[in-house]
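Q: For reference, the chains in residue letters:
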Amino acid sequence: MSSLTDEQRALRDAVRELADDRIAPRAAQIDGDAEFPWDVVELLAQHDVLALPFPEAYGGLGGDLLPVCLAIEQISRVCATSGLILAVQELGSLPILVAGTHEQKTRWLPELASGKALAAFALTEAGAGSDASAIRTRADRAGQGDEADWRISGSKRFISHGNIAKYVAVFAQTDADSEAIRQHRHLTCFIVEQGSQGFATARLEHKMGIRGSPTAELTFDDVHIPDADRVGDVGEGWSIAMRTFNKSRPGIAAQAVGIAQGALEVAGRYAAERVQFGKPVGELQMVSAMLADMATQVEAARQLLYAACLEIDSGSRQAARWSAMCKLFAGDVAMAVTTDAVQVLGGYGYITEYPVERMMRDAKITQLYEGTQQIQRLIVARDVLAQGG
Amino acid sequence: MHIVVLLKAVPVVGNERLDAAHRTQRGSGLESNGNDEYVLEAALKLVEAHGGEITLLSVGPAAASEALRKALAMGATRAVHVADDAIAGSCALATMHILAAALGRLEYDLVFAGADSSDGQGGVVAAAVAAKLGLPYLSYASKIEPTADGSSVRVHRLSAHGYDVLEAPTPALVMGTQVLGEPRYPSLRGIMQARSKEMTTLTLADLGIDPATVGVAGASTKVLSAEQPPARGGATVIREAPESAVAQIVDFLAARRLI
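Line by line, the protein sequences give chains V and B.
As numbered in this note's numbering, residues 1 to 389 make up the first sequence, in order.
As numbered in this note's numbering, residues 390 to 648 make up the second sequence, in order.
Rather than coming from a laboratory, the hints here were simulated on the basis of the structure.
Backbone N, C-alpha and C fix where the C-beta goes; we use that ideal spot for every residue, glycine too.
Treat the hints loosely; a few may be bogus.
[Unchecked claim] Cβ pair distances, simulated, as ranges:
#1 B:Glu437 x V:Pro226: 51 to 59 Å
#2 V:Asp33 x B:Glu534: 36 to 44 Å
#3 V:His102 x B:Thr466: 27 to 35 Å
#4 V:Glu7 x B:Gly423: 35 to 43 Å
#5 V:Gly127 x B:Thr466: 54 to 62 Å
[What the hints assert, rightly or not] Chain V regions said to be covered by chain B (calculated; three or more residues, Cβ under 8 Å):
#6 8 to 19
#7 38 to 52
Only chain B is shown next, with the shape it has when bound in the complex (with noise of 0.2 Å):
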């Protein structure tokens, strides 16, 4: 079975900060998204039981190679990592091209994608990937079990009431969840196996995309401006003993009639 992870490069959460265009800025301290690791974490997991190999393909600068370098650490195959200086700025519209572009270099049994990434938070690039390669789109997957001969995939799909259960013919695109389970640490062993695998780096003239068609010259919506949410109110942080914190919080929360 080859499973690619569809892995995004974003700041360390609570220290995005906005440049002066109002887009991100990820020219440094990159790290994979927490919603995409859990996805990796269930391809690891589907690889070691049924044996395969997992490829990552990333979209972004050159400071993504470092999260990627320490997904490979936690037991991918290899990487694959689109960079090109002209993507900055990109919608997810021309990530979707992207991604599909360098989909179809690749081979694969499915692809799995994490929920949506930390900073943009857009969360409609894999659905339309699948669109666009025209895969069966999974959603929400709480648990991914390719059937025994690997010609399709079954996976629940968290809904308000508990779950269904989808099928799909394979190759498919599936989107998970941090239901999937807790990524893995990777171990001090892969972290050194790391740096011998296979990273590969292509650019838009690789894939055969015309530059003018992304980034920002290329954008199909444009931020017009960012502002930060609205201070909130003072917190009273409450750092005693649990006797007396639980007391001091049950009378905050009486006196409001809360409880």
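If we strip away everything but chain V, and leave its shape as in the complex, we get (with noise of 0.2 Å):
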């Protein structure tokens, strides 16, 4: 594994500085009142931290994902809502930026990159999580030919940012054969705008982490799309997900490296300060065991990361698999450290005093979305029986 850049290095810790001052001190109350933090987005698109997703030609910064998860990993180390924001902007920009043409690309990436506009996802219903091909949500032609404009009806749910982002990406049914779903060509992708007629949020969910950012149920009741706001050909929508998920589960690792950082520094700074029996209980075999076993997932974590996204920017085959593989671990290993940490602080790790708790639960998302944990083994799985290893 090769190590950062000089420059790679600088982004990190201005980020690191940006986080550490300027949101961590707002963490504790992002999670509390549950409220979007609308001035985090202003500091990040202030300091360009939302243009690393983008190409420099769109107002971005390169777009390369080894960036773009260093300043997820480092903002989520002190609050994962806040992680989040860079994730899904990079996550609902990612089907214009796999599949867009350069005219929509220049009329909505530079809006994104300067973070003047918010992107969302939208694929998962409510009866199709993991089986994306439960997917009702239907668009069909308004007019004859192949230009003719889209009326999309349905709903979508469990939309991170769904109804703060001003454009978001949806995939809806074109094609309901049975051989067409089994081929994957059921889907199409559209940018849905905020405001659209007949475009709604229904309600937003309460959760158990991540409490600072909305999750939307939206509605689609015959919204009107014109034929250029679709993304891809018609009946490439599922191609351009997956191609996204191959882009975009290394930012949900960052994220989930980047809250077992935060909960590793806080139990080992505990641990070195709290005394019991006499000595600091960092000192006592059994807890020193658990910190240095919580160090070497972390940063097995964070290597495999590393190691998946330049795999996956250098047009790696194995994409899939990479990002697949370094979401799955990053995910339990998030889970683990900071039930550990929890563990470490004992009472104190169980109350809001401490910051270990909202990690713990802010952890567990990381195992759910973007393809649960027993979805990313499916795809590793499939690549190893195909691969032969």
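Using the hints, put the two chains back together into the complex; each one sits in its own frame.
A: Given below as structure tokens:
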């Protein structure tokens, strides 16, 4: 594993300083009030953090995966809700990045790179979670011909930033034929703008963690969409979603590594200061062994993530496997390490006076979204069987 | 308007270490001197408002380039780094000679310097540079305003009673304070642009300075010994909910008749 370049280190350190000074003091309140931190959006936009996922030609800073993940990791280290702002900005923009035309990129990406607009990604439905073939939201041509406009009807659930994003990438069924579904040609991707007639937020979820990040149920009642807002070909939606996940799952792995690192730091400081039986609890072997295992797991997750970023950016044919592996491992590490951090702090870990209970609640989502851990294992296992190792 | 900002790379505050000869170790892990970042911020604001360029000037070891790169990321135009093995151990006077020689090769309307450095804390180099170059010296500035045509500069100088208003023709050297305003964070775009900005490294030979006149050999002062301050008595740290913590602190102070 090669080490980071000087520039990557400088980017990472700059985001860490920003996170420590400006976001960390807000984290407990963001969680407690469950209110979306628009001030953090402004901060990240002002310092070009939201420009990281985009090419320079569209107002971004290059779009390489590793710098994006370094930033998500550093922000999530102090506030998982804030780290998710960048992760979802990337997720919601990726369909345009991977399949949009130059005209579409010119139209949407500068606004997203500057942070003036947020993006969201709407694939999941109440009845279609891991099984995206069960999507029922429909898009039908509103007229005749290949360039006719569209009408979208249906609903989406569990959509991060769905209510606050100006642009929502919506995946709708355009072919209900069972053969089309079997061949994954049944979906098409559209960019739906907030405020469009018939597009509404039905409700927001009450969640265990990432409480400042709004998770919306969206409804589409005959929403009129110009054909110019269709991203990719008709029937290409599934492929766009999968290519999006190949690049977005490392972002969730980065969030998981960041959460775990934050918990490790709190546990380490606490164990060095908290005196029981006449010495710091960190010197008690049962506690010190936990700290050692936590640190080792976090570093292993981080190195797998960085390796995955480099592989995916260099155009690896096994991008799906790399992105699934890093999210799988980092998500499980985040859950284990934050749980252990609560254990190291004992009763203090269970109350809101210390941030580890929040980190433990936040960690859980990294095992669920952008594909459950079970789906990640399925992806990795299929590739192992196909490649013979 | 062209501003030169004198910037010293210092050990991260709290991590200072002395070598066997009682000199501050400056081999790695350096950052921009905090006070210098305040005058850099003032320079950035002036250039944003009036146009112009900012040249960073630093005398220091190779590791100083990292601090210069960060200052470039904050928005400075270019950096000049005087680096030469013979400089290590230089006294304030020798440092002044090197800075003055380097400034002789640069164009400027104003030179900015921080009040002092967090490691050396001498606080005399800037004034000495001004004296050597015959520049007006405006110290302890809390506000810096060039006149419209740039022919002079007006500063508010902090005083015991408030501030004095001073004016001098340019070129001039201004020593600034933290009252000028918090330095900005470098933006990520700034960090990425910094790598392509001009960073010139000069040696003593480039400046026509005899190595024997600087460094340990040429030092006008010599550090005979350095001692750690005596350890202070054990502090009582109270980490509890505000109500309980306040009550304990009040009791503590009352018991000593301090309130």
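Q: Against this structure, judge whether each hint is valid.
A: Against the structure, the hints come out as follows:
1. B:Glu437 x V:Pro226: 51 to 59 Å: violated, 41 Å
2. V:Asp33 x B:Glu534: 36 to 44 Å: holds, 43 Å
3. V:His102 x B:Thr466: 27 to 35 Å: holds, 34 Å
4. V:Glu7 x B:Gly423: 35 to 43 Å: Hint violated: Cβ distance 24 Å, outside 35 to 43 Å.
5. V:Gly127 x B:Thr466: 54 to 62 Å: holds, 59 Å
6. 8 to 19: holds (count 6)
7. 38 to 52: holds (count 6)
Hints 1 and 4, counting from the list given before, are not met by this structure.
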